[in-house]
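If you use my numbering, the sequence shown corresponds to residues 232 to 624, in order.
Worth double-checking, as some hints may not be accurate.
Calculated lysine-lysine pairs in the DSS-like style (CA-CA distance at most 30 Å, straight line) [as the list claims (entries may be wrong)]:
1) K490 <-> K614
2) K461 <-> K425
3) K490 <-> K425
4) K490 <-> K401
5) K461 <-> K401
6) K308 <-> K401
7) K461 <-> K490
8) K401 <-> K425
Since the hints were derived computationally from the structure, they do not count as laboratory data.
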Amino acid sequence: MRHLPRSLPLSLTVGLLGLTLALTGCTPNGAPDAPASSIPEQTSSAPSTPSAPTEQRVTVSAMGDMLPHQAVNAEAKTADGYDYGRYFDAIRPIYQSSDLVFCNEEVLASATSPAQITTYPRFRAPTQFAESLSRDVGCNDINLANNHMADYEQADIDRTRDTWDALQPKLIAGANRSSEEQRTIAYAEINGMKIAQLAFTAQSNMGHTTFGLNTTDGPLMDEQLAEARKQADVVMVSMHWGTEDSTATDAPQRELTQKLVNAGADVVIGTGPHVLQPAEFIDRPDGGRTLVWNSLGNMLSTQVPVNNRTGGIAQWQLVRTGDGPVTVEQATFTPTFMDFVARGVSLGARHGLRILPMSQADERVRSEFPGESADSRYAFVQKTVGDQVQVVR
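Based on the provided sequences and hints, a complete structural model is requested.
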């Protein structure tokens, strides 16, 4: 027979009830405990600090005319091809960290055998010239609009573009395999900016197909400037123009410059005169400023005169803060010297080719040009380029 549990004593029952109420936080009538203080809790009313606007930057370096004369090709020859990059060993640290490295390939790179290679006055370099500019020099923004690009046939332009297709530069413009390719603007997305590269030449030594070479005469330039300005954050334009061996701009150059400025170009990169010309910032109608490098001179060649051997590396920053417009800042120019020993008048009578920063070239400048020095060359560069960009010593 089961036994019912005994009733607990009254005193123990009351004690357990009190303990239960204490643990549940309730008073005997079920009301919550009174708050410890009747003063409401204070919350901070200080405004939060807004985050700083994001900044986007693209660093651009640009070098002038690349002309593989006879000695340039000869000294670049290796057992299994060509290495033009060795000429740039001393200056590569100046530009190798740039996002874009602009190079003016002023020749066809279409020769597939030694017999096809030619130099001045009609240039045709080996396809390895383009390959070495990409692999060994670091060029990734390529201009093909120049007076030597039509020195031979449309097939040579086609082969030059085919070679560059395999190398996949970030930007390439100026010469084309078809009308469709000519109408296609080169764009690249770099560090959050959409950059357009246009390229045109005011000169051609030979005739060419209507689509093979981008020229300044005709509607193409105006049409592409307008389209690029609509589509891109930055519009850079390469212009092959000017009077050869003149450090001053000519009237057609200045007329074209104003057209580019009015169309909203952000940067103009001038090539062609084979010597330096002024660099300047020009105010635009839209409130921006255009950086114009009228001529970057020669970078790689065996032209003998001292002004032809004085080139340099132009550099600038493309900067955008938040949702604002892109501005062009920190424009600098680092002078270089195309060093070689010239003996005789033959283009092949040059040896010991290399490109030096002017800061390392004093002895060689004095040796090749009595009465000249690195200091005199710096003075020439400063006078020619002007004071709107910083000349780096």
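Do the hints match the structure? See the list:
1. Between K490 and K614 the alpha-carbon distance is near 26 Å, which keeps this suggested pair within the 30 Å criterion.
2. Restraint check: the Cα-Cα separation between K461 and K425 comes to about 11 Å, which is no more than 30 Å; the hinted pair holds.
3. The suggested pairing of K490 with K425 holds, with an alpha-carbon distance near 22 Å, which does not exceed 30 Å.
4. Straight-line distance between C-alpha atoms of K490 and K401 comes to about 26 Å, which keeps the hinted pair within the 30 Å bound.
5. With a C-alpha separation of about 20 Å, the suggested pair K461 and K401 falls inside the 30 Å cut-off, and the hint holds.
6. The straight-line distance between the Cα atoms of K308 and K401 is roughly 27 Å, inside the 30 Å bound, and the hint therefore holds.
7. Of the pairs offered as hints, the one joining K461 and K490 holds, with about 17 Å between alpha carbons and a cut-off of 30 Å not exceeded.
8. Simply put, K401 and K425 have alpha-carbon atoms about 12 Å apart, close enough for the 30 Å limit, and the pair holds.
Violated hints: none; the structure is consistent with every hint.
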